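**Q** Use the sequences and the hints to build the structure in full.
Heads up: the sequence lines are chains D and C, in that order. Note that my numbering numbers the first sequence so that position 27 is 31, with each residue one more than the last. Note that my numbering numbers the second sequence so that position 86 is 90, with each residue one more than the last.
If you are wondering where the hints come from, they were derived from the structure by calculation, not from laboratory data. What you are looking at is a predicted structure, and each value in this text was computed from that prediction instead of being measured.
Note: identical chains are not told apart, hence a pair may lie in one copy or across any two.
Here are the simulated lysine-lysine pairs, DSS-like style, with alpha carbons at most 27 Å apart:
#1 LYS105 <-> LYS60
#2 LYS143 <-> LYS19
#3 LYS19 <-> LYS92
#4 LYS143 <-> LYS200
#5 LYS60 <-> LYS81
#6 LYS19 <-> LYS107
#7 LYS105 <-> LYS92
#8 LYS81 <-> LYS107
#9 LYS14 <-> LYS200
#10 LYS59 <-> LYS81
#11 LYS59 <-> LYS105
Number of protein chains: 2
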Amino acid sequence: MISGFSGAGKGTLVKRLLSSYDSYALSVSMTTRSPREGERDGVEYFFADREQFEKKIREDGFIEYACYCDNYYGTPKDYVEEQLNAGKDVILEIEIQGALKVKQQFPESLLLFVTPPSAVELKRRLLGRGTESQEVIAKRLARAVVESNGIEAYDYVVVNDDLDACVAEIHQLVNAARRAPVRSGAFIRRIREELKELGNEGN
Amino acid sequence: MISGFSGAGKGTLVKRLLSSYDSYALSVSMTTRSPREGERDGVEYFFADREQFEKKIREDGFIEYACYCDNYYGTPKDYVEEQLNAGKDVILEIEIQGALKVKQQFPESLLLFVTPPSAVELKRRLLGRGTESQEVIAKRLARAVVESNGIEAYDYVVVNDDLDACVAEIHQLVNAARRAPVRSGAFIRRIREELKELGNEGN
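**A** Following this line, the structure appears as structure tokens:
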């Protein structure tokens, strides 16, 4: 899961991860927010109205969903399960509330928090995007203050300064994380069993 | 901190880490156990008798110490602090009890657990060492069963199959671990403060 301040460059990072390595699959979220310029239904998001979204909630069709800036965002269940079964690392670009809900259900999932090198740089990127009103930018900065209080819940904090370096680093972190005990359960169980058997032979 | 089953190859890995990268310094432990063939005082260990060791305990001269297989093992404080202040990553080759004690005092420290690819391979290596009696080997295998129950407390489990690959992987894990929030405290505090300041400017 990739979270981070709005304007940290998560979207670009995710696109580059997908094009650079074939081990990833992208979970496309569903949202009730309006499409931004150039966003296509089923690519950046599945766009839905509140009624459609709430129907899918009732059908238990989301791994998680949350309301953020007055819009619903959710992760449809079926595609994620399909890709995990195919051995892919599924990327969720997800805000912090959702990330923590998924982590509860899937303790082996990895939480990455992406941040620009400074708050000034964050504001510069939000302004540079040119698609958001001043009011929305102020709202996003205020939200960033709140989100920054959740950073400690993440596995890794990644500074997105140089894009290429950041993509490579995220891939390294994903691989490093495989060595954490929570993701090495099968190996740990096997060697424990083997050790017990060897110990019994010695008696 | 590098822990792992006796016979996992920790000593060789540590030597290779020190010779391959200049960012590491090795903490030399003090022990009351007898030197093995070829071990030199102040290099593999500081060798001491029980009386000397217990005097140093009373003087609060250890970060941690523990009793293992009827011998004391401890980490003298002064050298570690000196090397940390010089910006080095200090390696402690340390058994599991000691590792957990150090982690309590230094939450930013990293716990690596080294294991051979299988229990059979572990026994093969212990036999191949040729310096241990059958009784000691049986004791170490029994100990490994107990130690395997502590693996979940470690940050990473590293399989030492190919030595070169394992050394490179450990170095990558050390660098990955710097991105964990517990080791990125200064950055997190700074960006939080900056965000608050920017938010206040907006009001």
